[in-house]
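Starting from the known structure of chain V, arrange chain P on it as the hints suggest.
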Amino acid sequence: MDFGLDDEQTMIVQTIRRFTDRDLRAWAADADRAGAAPEKLAATAGEMGFFLDAVPADAGGLLEGAYSHTTRALRGFELGRGCAAMAALLEANVEPSLAVAKWGDDAAKKAVFAALEGGGLATTWRDARGSLSIDGDRVTGKIGPAPALARASFVLVIADGLVTILPVGGAKALDPAPTSWRACAWGTMQVDGLSGFTLARGGAAPAVSEEILSWWKTSLAARAAGVAAAAMEHADKYGRERVQFGQPIGKFESLIRLRDDAETGSAAARLMALHAAWAIDHGRSATAAHDAASRARAFAGDVVAKATIDAVQILGGYGFVNDYPVEKLMRDARGFDAVVGDERLDRALAIKATIGAEA
Amino acid sequence: MDIFDGNPMLQGVRQMLGAFAKQSIRPIAPKHDREESMPWDLMKQAQGFGLTQTAVIDGRKALTGQEEETDVKKPSSNARISCIGSEELAWGCAGICLALGGSGLAASPVARMGTEEQKAVFRAALKGPDDKGHIKVAAMALSEPSTGSDISGLSTAARQDGDHWVINGHKQWITNGASASIYVVWAQTDPAAGRAGVRGFLVTRGTPGLVPGRKETKLGIRASETAQVHFEDCRVHKDMMLGIGSSEHAGGLADTKKMLDSTRPVVGAQGVGIARAAFEYLLDRVRSAELRGTPMASHQHLAFELAEMEMEIQASRMLVHRAAWMADHHQDNVRFASMAKAHAARTAQLVTTRAMTLLGDEALESPVDKWYRDAKIYDIFEGTGQIQRRIIAKNLLGVNPT
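Sequence lines, in order, name chains V and P.
According to our numbering, the stretch in the first sequence is residues 16 to 374, in order.
According to our numbering, the stretch in the second sequence is residues 508 to 909, in order.
Worth flagging that the hints you see were computed from the coordinates, not collected in a lab.
Check the hints yourself; a few may be wrong.
27 angstroms max Cα-Cα, derived DSSO-like pairs, lysine-lysine [unchecked claim]:
id	chain 1	residue 1	chain 2	residue 2
1	P	Lys764	P	Lys581
2	P	Lys722	P	Lys551
3	V	Lys252	V	Lys266
4	V	Lys157	P	Lys764
5	V	Lys252	P	Lys722
6	V	Lys266	P	Lys764
7	V	Lys266	P	Lys901
8	P	Lys764	V	Lys187
One chain only, chain P, in its complex shape:
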């Protein structure tokens, strides 16, 4: 476990992104939260040091300065780098962290199952500025109005018509859904095949029938855009279906679910970052402030709460890194990935809620309010807390309890 022995590459990522979070993310976080706007300028700036919208496909050399391990049998550091970096960025602002990494959700399946042609299409779609002068972003469109936790019940349908697929359906809660220049949309190609029939398609903005929809007003992560996306007789060339020409990847939903095993620790790491932000704010306050003429730090009431928070945060981080280490070593981490994500989500909610309570009326005008609102989504997206427990329980018992 090289997070304990000061692996220089991982430490370097922590230091670089920690400094970026402190100097560049924190100062603008309140504005983007209040205005519910994407941090376009910062996203452009972040490209300069490797946080590009295509990083998942291009590899991480720009970020770490090291060549990526390409031999799939050897251990890599990808999952751990992502976890460490994400914790720092989410410490700065979870919404901005998600804005910076939102395209990665779409890039991941392309990197995993895409042909060289599809990767080229993806890269080309994200080149240069969009019509508003913003950097271009990508979106993965999976969830639907009636398909949240149960992704096997997708109703968006793809029907073959000659060399094309014709896609119809509505997608909801799509990160970058209104602004994306390219979409990876998941649709049912063969209802009789159930989950195996669900395939991903690359659809570029401007394709007739692709209609970016309404932006949602949300409780938290307000710097990250969430929107509906509609597909109305949207014709996509058959070469843009993911998984074609690959014997290893069917390109179906099973591959998507497998992908979640590597993203869940990263999502957990973001929860740890939010918890740490609230914890550090409270810690500073307790260290420096007085309570009725006595140092706050002299009160067990507050000091033990901090001790409790620190225990939970450290435990969450250990689970996150254990799951990431397993992913990097190509071990089956499904149970640990779910435990890491669920535990970190709970910790983020627990720490932010307690910090709000302990700060009393001060909390109303403090950044803890934002962290409290940001934390909640971590128990909902990328598999709710209930879905994680279902996975863990199934792993333990072999059955799906209801």
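The shape of chain V in the complex, shown without the other chains:
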């Protein structure tokens, strides 16, 4: 057990924190209003190693050796403190990159890594309700809404019995842009018998799905914890300045309680995400790692929902207007429940399946 960070992780956290405090927070409100990330995001974040961090070095990327999900979770928390929408864009390439490197054939690697190296985006979508129709390697139905899909070159689709990377063509941006993660280029795509690069099929698909989902859920949990932390940073600052009934409102016990619970929740969600990342990095079974990631994500989703609603509450009328940052955070909290699927339902169905049919 070691809760400390190594030198490299410390440096990364400090760097990302600076990036968040100086850039992401400065850009977040305008990006939200515009429904698009600023042009400079790609260049600035690209210089910092985003987008290609999970692409192997021999394929033109920056990854040498094993990918560290722990470092990614640390980074995700800091990005969440900045802007959930831009964080979704910055993290979008990771799952497709790692999945193609691990299960893709040469053609898949060549096509996907070339697109990413050229500045392209890839994203991931899970068919949570089982609504796609799968015929061998071919996919029919509606893909999305998924973050980044409106700007992506490839989408990693996780469906029942198939994990595949599909080329994106004719994706439509959601119009109007959803109010959550507005700058993340939400898109949908209708496909009819489309095939791409199959990563796993049939009986092999569940294990591959589980592994990819454990990466994704861990990152989402870390980012959600970061959004919750940011909400309470704003609430704390406001509570110290705003005077009502003759005292700073931050002194009222009921508001201390709201903030305190949110900070406990955010810290716990961050630790759960780090624990799931540790399980992945240390080669724990895919099932155990996924279980940790799933619980982290469900818990972090609850935490960020309550923390952001309570931050708006603490800021009161100011919290409700767009001049202050917390109403955006309350909208952004929803994004964490709008991807991957309903964690608790999935677990209930999985547990049901393990209990004998005689009952």
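Chain P only, in chain V's frame:
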């Protein structure tokens, strides 16, 4: 409790406004939410059946077809009618409901404390179209940049100068603040008197020194206009001060606070309407959709969530109607009014948040997103959830906890 035994007048209001909400409000709600615009045409249409901007002063005959009870000692149905109607309108769209009723915030103190002359001034100010061709609306200006929950700390000041009061100050979060044709502004006339010195004044648009300010961009209730209003040496005749010539009403802040006891159940009812909207949307979805080849309705995971939501919604509505019934029967309802408002606000947030989670990515393109954003204000305006709990706690313990 005549909501249980099918009081025909209350049922009639529910049916009429429910149909109006479904046919006229729902179809235009997304547009006004997106554009953050007032539903002027609908507001005009609504006047046709009694939802006028002066309804609070004129009585509700147009809406109910019945003469209003004028004997103040006898029970009335006003609070219950308002609650039932508001629930239906907010079910349609909370922002539009507030746009339809926004002038009522200003009309209430005029109805309660105004002289006949002041009522006439108020009515006249709302006659005919404004310079944009819209129906005219009124605004109540109470909150200030540094005075939200604690309304006793108002800094807007009124100084007497001959036959006039000269008002200076800034108001914030004012419903209809940019568009109103008449304002009821609250200002401190005597700092030494504290709360007792705070009085309301009628100020018509165009009065020199009355400067409607910037419109706010908000999380929700975006069809209802919220703006700043500035008063810069604004001179108002002394006859336009509320409470003059009345022995019963001092016209001060205490009367305003008393008024909140009757409006809180109505605000709670709107919270119930939002919760019901999200609940019904999810219910329809669970009834009709499949989940991995099985009916959604066959899953306890979803079905019990609906059961939970229904319990909370019904409980909120009972509290709302209890508080309204007490108001109609002239009973002290302060604790119940606060409980109704706080509980309904919590229910609206709980139901919309859970519905968003359960709908997953479908929620992004569904109306539940709007209801989620609309619900939050119900825990903030007309006394935050904390203020309601403070009132309830003080009622229970006799002290103001901090």
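Practice item. Please flag the earlier hints that this structure goes against, numbers listed from lowest up. Key: 4 and 8
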